[in-house]
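Novice: Under our numbering, the very last position in the sequence shown is 275; numbers go up by exactly one each time.
FYI, nobody ran anything at the bench for these hints, they're computed from the structure. Please read these numbers as outputs of a predicted model, since none were measured by experiment. A portion of the hints provided could be inaccurate.
Label pairs and their in silico Cβ distance ranges [stated by the list, open to error]: (1) Asp63 <-> Leu171: 53 to 59 Å; (2) Asp63 <-> Thr102: 42 to 48 Å; (3) Ile152 <-> Trp32: 29 to 35 Å; (4) Val178 <-> Val39: 32 to 38 Å; (5) Met162 <-> Thr102: 39 to 45 Å.
Idealized CB from N, CA, C, for every residue including glycine.
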Amino acid sequence: MKKKYYAYIIGKDKGICYSWPECQAKVKGKNAKYKSFPREDEAKNWLIDPDSKKTQGASKRKSTKFYAYNLFEVGKTGIVDSWDECKNITSIGKARYKSFKTREEANEWLSLGGRYLTQDEVRRGLPDGIYFDAGTGRGIGTEVRVTDKMGTSILHKLLPKDKINVYGNYLTAEGSTNNFGELLGLYCALKIAIHDNVLNIYGDSNLVISFWSKGIIKKDSQKDETLELAKKVVPLRKHFESLGGSIEHISGDINPSDLGFHK
13 MKKKYYAYII GKDKGICYSW PECQAKVKGK NAKYKSFPRE DEAKNWLIDP
63 DSKKTQGASK RKSTKFYAYN LFEVGKTGIV DSWDECKNIT SIGKARYKSF
113 KTREEANEWL SLGGRYLTQD EVRRGLPDGI YFDAGTGRGI GTEVRVTDKM
163 GTSILHKLLP KDKINVYGNY LTAEGSTNNF GELLGLYCAL KIAIHDNVLN
213 IYGDSNLVIS FWSKGIIKKD SQKDETLELA KKVVPLRKHF ESLGGSIEHI
263 SGDINPSDLG FHK
């Protein structure tokens, strides 16, 4: 599914949401203007002038990608703006190639050697902090994972050894949902962060980060265990943020705690 950006204006309050549920929660029952866009810059332009014909038509424009290639055997590099052209160029020999949203990003990749980063290199470039995730793909139930930026489990800082499985994760009770696991992952991350004076937490669950951990949860559609856990997470998050902490969303494909089962 292609990512969308939801711009909204409620009186003097305006901003961009990264999911429809988040936007809906803000505008529901209010005299608001809102609109979805395929690109964040289009959403920002609309906020500046929502009545402009130029911004009204912006979302209809085809998004542009830039494809950088590196024919490393012959020492030739370049940037094109169509996949067909890139495919034709790179089919003649050994090559590396990658798509980018801007030509500047493509140029930067080539200036760094036009090579693929290893997993360790990607992780070393991430900000310091605590990362969390949950997944069910191993077939044994919902697992919770909490790590540092290098993907090393740190659950031992909070849980006894017999509660952590051989993969470094916590296995929740039978029947627990993946979303419950995400909420529990944030709870564990908050407890460890407060104890260790860590100010940054990252996860890839927008539902948990933007809604449940803020107390926005439909009580009639969730199990009691989820509601009880949310009651613990909400004040814990407020305390964490009062200390200067922040909780931010990170894409699952670069989340070092990612269990890889929900992609």
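Novice: For which of the previously enumerated hints does the structure constitute a violation, in increasing order of number?
Specialist: Violated hints: 4 and 5; rest satisfied.
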